[in-house]
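Residues per chain are reported as follows:
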Amino acid sequence: MRLSEIAEFLGGELEGNGSIEITGIAGLEESQPGHITFLANPKYKPKLYTTRASAAIVTKEIRLDRLALVKVDNPYLAFAKVIPLFSRTEPPPMGVHPSFIAGEGGSIGQNCRILPYVVAGRRVKIGDRTTIYSGVYLGDDVVLGEDVTIYPNVTILHNVQIGNRVIIHSGTVIGSDGFGFVPQTQVYHKIPQIGTVVIEDDVEIGANVTIDRATLGKTHIRRGVKIDNLVQIAHNVVIGEDSLIVAQVGISGSTRVGRNVILAGQVGLVGHIEIGDQVKVGAQSGVTKSIPPNSVVSGSPAVEHNLWKKSQVSLLKLPELMKAVRDLEQRVRELEKTAQ
Amino acid sequence: MRLSEIAEFLGGELEGNGSIEITGIAGLEESQPGHITFLANPKYKPKLYTTRASAAIVTKEIRLDRLALVKVDNPYLAFAKVIPLFSRTEPPPMGVHPSFIAGEGGSIGQNCRILPYVVAGRRVKIGDRTTIYSGVYLGDDVVLGEDVTIYPNVTILHNVQIGNRVIIHSGTVIGSDGFGFVPQTQVYHKIPQIGTVVIEDDVEIGANVTIDRATLGKTHIRRGVKIDNLVQIAHNVVIGEDSLIVAQVGISGSTRVGRNVILAGQVGLVGHIEIGDQVKVGAQSGVTKSIPPNSVVSGSPAVEHNLWKKSQVSLLKLPELMKAVRDLEQRVRELEKTAQ
Amino acid sequence: MRLSEIAEFLGGELEGNGSIEITGIAGLEESQPGHITFLANPKYKPKLYTTRASAAIVTKEIRLDRLALVKVDNPYLAFAKVIPLFSRTEPPPMGVHPSFIAGEGGSIGQNCRILPYVVAGRRVKIGDRTTIYSGVYLGDDVVLGEDVTIYPNVTILHNVQIGNRVIIHSGTVIGSDGFGFVPQTQVYHKIPQIGTVVIEDDVEIGANVTIDRATLGKTHIRRGVKIDNLVQIAHNVVIGEDSLIVAQVGISGSTRVGRNVILAGQVGLVGHIEIGDQVKVGAQSGVTKSIPPNSVVSGSPAVEHNLWKKSQVSLLKLPELMKAVRDLEQRVRELEKTAQ
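Chains as they are written, first to last, in the working numbering: chain A, 1 to 340; chain B, 1 to 340; chain C, 1 to 340.
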């Protein structure tokens, strides 16, 4: 692929030799001759002078002679768009493998790809151009939208509804029973979980994630939410549009997360709280109460981020502070003696 | 279903119009006309005056005219019992799907449901009325009791024993090798894990849980234990009757957890310790030593809960405490000068 | 099996009656007559006087008459080697089950065991003596080495390369997409993940682990690494030879972990940092910056272990320290009044 073709594909401005052949794509440090790279963060600008890449995607104000440039408004986004041009991945074969087993009353859209050993319950609806890999189980009355991708060994239990362009990675379980029990004398009585899970359009869910069905009503993952691997989402949770849930986060029952929220890795949220829009929660934090919109919190229990940061710095000085106080006590005792 | 029928089913006392048709069940806030709701926690009593539900399950002392009441001793338990009356879920088809493949010497009880693409090793015994969903693997000599439910894509490896009425949610792995290695000069030599896992009656295990087999002997989950999603239970762990293990908890090798213990979300326990009966461990705590019965602990490392709480409150005041001490030092220095 | 045969198998020195029949193997406390046990840690030496075992594997300097001894240099390693002699586990049947479905261009080595309902994409290469359990999916161009064991319901996606003698436990996902998105106005644009994962020889990976493919290039697990259950390894991570990653650890994107590192349970590492060789990270720690070789760190955020330990001890005394400071302030105020 010629550089001029890439520039045209991006609608970018070409500076330098457009006829060079681009054979791969890589980061500034990993690039080899023939590769195209990109500069998104101005901090890394010096690396443009040392990269071995033959071309770079950059912002308009960059000037440089040593390699060809493609100038765009958002180099990071342009980079994301160029990557698939260099992918060798073929889609799985078109059509429904004869080993597919489904209950009565279902339907499959056009141009679907269903790989071997997929099982569907009764009345399952699969939208156009959806791909389902091997070992997937779809329970009764599951609905999958259009252009959905379900990777191998995913389990989607009865009544769960999945929107369009949703991607679900391997091993993930959607619609397992919420963790609900009535304590009796010592033993626990199971609360049947008869609600469901609704996943809206453009959601991506990582590998080995668990999303429990609601007790009643629905667990609700709204449009554009991105969920990383090994995340736990309990019954009746709601996650607002375009929020990012990083790996190993756990969200307890009935908690509502707003829009454009970021929960960093290994965060835990207790149940029945509300996380406002645009909130950011630092890695490993434990959130124990509702958080107003636009806050940044950290720590376990989580507090305002800067307060947490200062207290953590102070904590390391605590042993010497204790010594200072003991020393002061001694000196005050001396002064008191003198003063008598 | 008429309200009078529900009252009778619960053995409760009906107050109001028993002939009304109940069409659904929901929480106090989510209920619509035609729904039945419940009040378990007296704190929410005011919501009885605003709920749109047509009937409520309540305790005997509640008096109210605006909606019909069913009075019982334990409304929460009664609610749990009424839920399944409104479930639309059908059980999977009765019988063994012809795609079932098993090694020699096994047996299947009466009225089992085995869905497509289940695989069993040699001498696997499956009890009466047990349901096994698609993609499940049962290793050699696995024993499943009666009325067991194994959801899709669960893996139960050789020799594991499962009691009666056990529920195992999707993606869970029982009987994987414990994490045991002998350090040699730099490299590690694997310690073969030839023990097993025993799961007693009435245990429920969430989705994507991992329970390792013992090195020798057994990992032991006792009667009535409830385990949430994404929990890790290492080799040779014992969990006592009716304990609750919340999502993403990790229990290290050979640790013994008592009866009626509650481990909140994301708790970690080190290996070779003992957690006494009725202990409660707060979310995200890290327990590094044995805990006597009836304790409540929190923090990482975990200490007595109130001590932890006080120290966390103090921690946030630490920066101003440091300023106070520096200020005191200055004033004492002044006093010392004067005193000379 | 006679004790003399075990002594010979280990190349150890027999002391006592070699003709006794050994019927089992167990720890010092769990052993019964007829069992062989071992003493690796001198701390447990007193238990040699109370164990019911008939024989023990010990170091050369142990003297004892009450049971037969097998003396070796490394009793723990010898114990690990003796365990499989008492295993009742049979390997799965030799050969490829007829339900195996593979795309064109693949190859299977000699003496492989492929269980029912395994699916492989195009051009998948499986090395000699490799075992693949039920429900495994191997994507296009996957390469598995020799003597590999892949347990049930594992997913290995396209292009992933697995070395020799690798063990992968059930439910694990290798080669899922890394979590990469370009933020646009509120919505996120997916960064295609076209790199891969390379797993070198002698790696063992636990159950329900997730290892994401690189955005470009490779996520790299080097020779001899041992990974416990429910671990998350993000895109472009590198883990050096013979490192141990304990359960529920999360490693963020592009972080490089050195050789012989130990990450204890539930540790989290942020992205783009470097963990030096031989580093040890305490359980539940959160590592936010690069760590030099041979360090021991703990806490969240992680600091040098002893510093962390001291500050944790002080933290619990903080409430009384605050009281002491308030008391001092009062006394200094009195002194200041007097001094005027």
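Be a bit skeptical, because a hint or two may be false.
Same chains, same label: a pair holds when it works inside one copy or across any pair of copies.
To be verified - Here are the simulated DMTMM-like pairs of lysine to aspartate or glutamate, each with C-alpha atoms no more than 25 Å apart in a straight line: (1) K190 to E90; (2) K310 to E320; (3) K60 to D73; (4) K323 to E200; (5) K317 to D327; (6) K125 to E320; (7) K60 to E334; (8) K309 to E274; (9) K190 to E204; (10) K81 to E241.
It should be emphasised that the hints constitute simulated quantities derived from the structure, not laboratory data.
Here is how each hint holds up against the structure:
no. : hint         : in the structure
1   : K190 to E90  : between (46 Å within a copy, 18 Å between copies)
2   : K310 to E320 : both (16 Å within a copy, 10 Å between copies)
3   : K60 to D73   : within (7 Å within a copy, 68 Å between copies)
4   : K323 to E200 : neither (57 Å within a copy, 51 Å between copies)
5   : K317 to D327 : both (15 Å within a copy, 16 Å between copies)
6   : K125 to E320 : neither (66 Å within a copy, 61 Å between copies)
7   : K60 to E334  : neither (71 Å within a copy, 62 Å between copies)
8   : K309 to E274 : both (23 Å within a copy, 22 Å between copies)
9   : K190 to E204 : between (31 Å within a copy, 9 Å between copies)
10  : K81 to E241  : within (23 Å within a copy, 35 Å between copies)
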